[in-house]
Each structure stands twice: as C-alpha cells, then as structure tokens.
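Protein chains: 2
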Amino acid sequence: MFNYYDPTVTAMLYRAEITIKLKNGMLDPEATTIKNALKHLGYECQSVKQAATYELEFTADSRENATDLVNGMCQRLLANPIIHDYDVRITK
Amino acid sequence: MFNYYDPTVTAMLYRAEITIKLKNGMLDPEATTIKNALKHLGYECQSVKQAATYELEFTADSRENATDLVNGMCQRLLANPIIHDYDVRITK
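Residue numbers (the working numbering), protein chains in the order written: chain W, 1 to 92; chain V, 93 to 184.
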C-alpha cells in the first residue's frame, strides 16, 4: 500500500476512466429490452449495446503504479473477467 | 418516421454513443458501495462516479436528424431528465 509518510515518494492524484462491457457473443438482455422499448416508441435501431463506466480518483506514486492499481480493481471487483472486457484510461 | 421507400432520401447508418450520469449533488449509492468495497480490498479512492453508456446503430437521413432522434430517445426512455445529465456523440 501507499505510504503517506515516506518523504521520498511523491503522491499524485490520478483519475481513471474504466469502461466495462460484455464480451462479444454474450447475451445482453438489458440491451435487448432497450432495443424493444425504443421500437415501441417508434425508434428502430439496428443494434444496441450497453456498458458501465466508472470514474475513479486515487493517489499513486507513478502512472504505471496507477495503471496497475486500476487493473487490480477491475480484476478483483469491478469486472467479471469471464464475461466482461474492460478498458482503462488514466486521464490525469 | 423515416420512409425507406422514398428514393429522394438516402438513408445512412449512424452510430451514437450516449453517456448517462447522475446530476451533480445527487446521491449515488451504487458508487458509494463500490468505494467501500474497494476500500475493504485495500484500494483507497478519493472519489468514485459511475455512468451508463449506450452505443446505438440506426438509420437517419442526416446528421442533424440523427442527433434529434437520439435526443428524443434519451428524453423519452434512456435518461430521467430530473436526475440525469446525458451526453450524445454521433461517431459515424
């Protein structure tokens, strides 16, 4: 873990944008429901896909460390690697 | 509605990316739960925000028409304008 009291390490605030979507070929009942509901309202869509986005702010001592932290969060909590693909962008 | 049989109108396939998030100041219990769960796993985040993203493909006769269609979909079905802000990007 990051040590706030070690003066040799400079903590920086990073912002990460994480997009989590179902892998290709997975059934997506939520998207199917939305497609049908849009059709009932008169909007005909060829395809509907949905994804979840998370924006996190956290401290890390380098950009590489920040990327590793976010990958860990995705693999351990945010995404289910069996059914989801995820994409991480460190924006600050 | 778009008329597929009118030869004077050329239909084009458009792709729209819609991001729907809670307005500033709204309580976000899902994000709070994720923040707490990440903390239990050893990841301390200053802030966590979540949003839903939809990617739609549909036909329209112009880019302006495509934007109008997607705004209509957001206002009538996808977003709740009282609590959500939404952002539309026509990408193709």
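No lab work stands behind these hints, which were simulated from the structure alone. Beta carbons are placed, not taken as given, at the ideal position from N, Cα and C, and that holds for glycine. The reader is advised that the hints may include incorrect statements.
To be verified - Here are the computed distance ranges between Cβ atoms for each label pair:
id, chain 1, residue 1, chain 2, residue 2, range
1, V, 117, W, 91, 18 to 24 Å
2, W, 30, V, 120, 15 to 21 Å
3, V, 182, W, 67, 29 to 35 Å
4, W, 36, V, 116, 29 to 35 Å
5, W, 92, V, 117, 39 to 45 Å
6, W, 65, V, 174, 20 to 26 Å
7, V, 167, W, 47, 20 to 26 Å
8, W, 47, V, 133, 14 to 20 Å
Item to complete: Against the structure, test the hints numbered earlier, and report the numbers of the ones violated in rising order.
Response: 5, 6 and 8
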